[in-house]
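J.: Letter by letter, the chains look like this.
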Amino acid sequence: MISARYEGVLATTKYASRVKRATPPNPAFDDDRDFESFAKIGRWRWSTPQVGYEEKYGVLSDLLRIIRTHRGDSVDEMIMTSRMPSTLRMPKEMFGDDLFLVVDVEAEARELIRLGRRFIAIREGFVRNIVEAGQNEFVLDWHQPPADVEARLAAMIIGFELAGLRTSLSTVRREEVGHE
Amino acid sequence: MLSVECVRYRSVPEWSASETGECAASAFGHLLGEEIAAATASLSETDISFNICVSTMIDLPFASGWLKWPEVAAAAAEVTDKPPRNFTASYECAGWGFALEYARRRARPGSRIVITIADLNVLDFSFWRRNPNWGPSGFGVTTLVVRLPTDGAFPLTTKIAQSLHGMGEYCVDLRKWLACSPSRAANVPFLPAGMAEIYKHFLKQERLLPNLHDRYGHCFGSDTWLSYINHAKSGQLGPNDVYTATSASLRGYWAISDIVFDAGCRFELLERPGSREEATS
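These protein sequence lines are chains A and B, in that order.
The numbering used here numbers the first residue of the first sequence as 1 and each following residue consecutively.
The numbering used here numbers the first residue of the second sequence as 1 and each following residue consecutively.
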């Protein structure tokens, strides 16, 4: 059984040097209760947002295009973190009959492993504001990739780094399947 | 075609269990578990090949980390042996349709799919109570149990708008669907009267179920199933008749599917938490 993992952090983006309007909180503050509710979910420490709503979708579109270009045909499914709310429509790259978004990627991956599916699980924590959880991480797990996974992953990483990810881990595991 | 075996809606207009995220996760999970247990009482865990919770509203609580899905799922598992396995709010009101699309790729033919549609104002944001885009909201949980056909194939489309006029594109797509469909009628999202004029412009009224916004408000992905519960309660729903289930979202995502309701389909409406007003058809 083969599996591959990539871990990276969003260190910059193609939008980094552009001046842009700040993104308002979503949902918007309106009455006293809203302030109390935001206070409940607020945090003392947060990662530096590298993206707003529109930029995040731009980065994710780029990353998904890179993955789809280099993954080959032997992938049944991709799952990726569902992180809402959104202030705008998700881009077309985040749809398709090969991708589904869920809150708990790890739980979904366990189920797909149980079903014997060949899949790519993508966990992202690109924060858009200081209320969101995450460390700007991007983690890709590829279950049952093709035999030439090293070359495919290397090609992906070139694209990932051009898109602004700083790579911290890239590994391929080959485990012998025991015979009874 | 998908056969609906149970449609159950519990109205939850007030939500008070939000002192901490852990408290909210526990209450949310217990509610989901209770609803699923009630809707699937005659089923065993192995009958179900796909079980998910979808939402439009419960987004920021998860993105902020205030709610954690494993805690919600664990709380649901205290109440039922069939807890939902995952959650998504990405597809907004069309979430149940996108979940069916995903299930179609992996679910076992002949098995059941359970989808809970949960829209609860857990943090009482004013944005969700009433909004210029849809008027007053209605909060609650729908539990839907459907049986996959033995060949696994069923009519379903999920789409995203290509223009800024998502509702118009949705109506045009629904009109095309109905032109080729054997269905008796389609539901439409509950919208204030002025906004619902778009339905009259694009769609034949005699093939639409009523817009129940005045009674329920906009209930997000649950509008679909409230329509059919009310249709059944009115005695107009014929067993084995084909209907078209639809949902459309503010951002321009929609789902359309033709469905049938089993002769023994349970239609249950709990108007207020704790009430026992139920209608069975």
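Don't read these hints as lab results, they were simulated from the structure.
It is possible that part of the hints are untrue.
Computed cross-link-like contacts, DSS-like style, restricted to lysine-lysine with a CA-CA straight-line distance of at most 25 Å [said to hold, decoys possible]: (1) K204(B) - K233(B); (2) K40(A) - K159(B); (3) K159(B) - K204(B); (4) K92(A) - K204(B); (5) K176(B) - K92(A).
Listed next, with one range per pair, are the computed distances between beta-carbon atoms [stated by the list, open to error]: (6) D262(B) - F29(A): 38 to 48 Å; (7) G235(B) - R118(A): 46 to 56 Å; (8) G194(B) - L115(A): 23 to 33 Å; (9) D241(B) - K40(A): 41 to 51 Å; (10) E34(B) - K40(A): 46 to 56 Å; (11) Q162(B) - Y15(A): 45 to 55 Å; (12) D30(A) - R207(B): 34 to 44 Å; (13) R45(A) - S16(B): 27 to 37 Å; (14) Y15(A) - P132(B): 22 to 32 Å.
Where is the CB? At the ideal position from N, CA and C, for every residue including glycine.
J.: For the pair R45(A) and S16(B), does the Cβ-Cβ distance stay inside 27 to 37 Å?
T.: At roughly 29 Å between Cβ atoms, S16(B) and R45(A) fall inside 27 to 37 Å, so the hint holds.
J.: Check the hint pairing K204(B) with K233(B) against an upper bound of 25 Å on the C-alpha distance.
T.: holds (23 Å)
J.: For the hint 45 to 55 Å, verify it against the beta carbon of Q162(B) and that of Y15(A).
T.: violated (24 Å)
J.: Quick one: are D30(A) and R207(B) within 34 to 44 Å, going by C-beta?
T.: holds (39 Å)
J.: What's the verdict on K92(A) and K204(B), does the C-alpha distance respect the 25 Å limit or exceed it?
T.: violated (30 Å)
J.: Note whether the CB distance of D262(B) and F29(A) lies within 38 to 48 Å or breaks it.
T.: Check passed, 47 Å falls within 38 to 48 Å.
J.: Could you grab the alpha-carbon distance between K40(A) and K159(B) and see if it respects the 25 Å cut-off?
T.: Not satisfied, since the Cα-Cα distance of roughly 36 Å exceeds 25 Å.
J.: Holds or violated: the 46 to 56 Å window for the beta-carbon distance between G235(B) and R118(A)?
T.: Holds - the Cβ-Cβ distance for G235(B) and R118(A), about 49 Å, lies within 46 to 56 Å.
J.: Are D241(B) and K40(A) spaced within 41 to 51 Å by their CB atoms?
T.: Between D241(B) and K40(A), where Cβ atoms are some 47 Å apart, the hint holds.
J.: Does the alpha-carbon distance linking K159(B) and K204(B) stay inside the 25 Å limit?
T.: Measuring from Cα to Cα gives roughly 21 Å; hence the hint holds.
J.: Would you say the C-beta atoms of G194(B) and L115(A) sit inside 23 to 33 Å of each other?
T.: violated (47 Å)
J.: For the pair supplied as a hint, K176(B) and K92(A), confirm whether the alpha-carbon distance does not exceed 25 Å.
T.: holds (22 Å)
Violated hints, in rising order: 2, 4, 8, 10, 11; the structure is consistent with all others.
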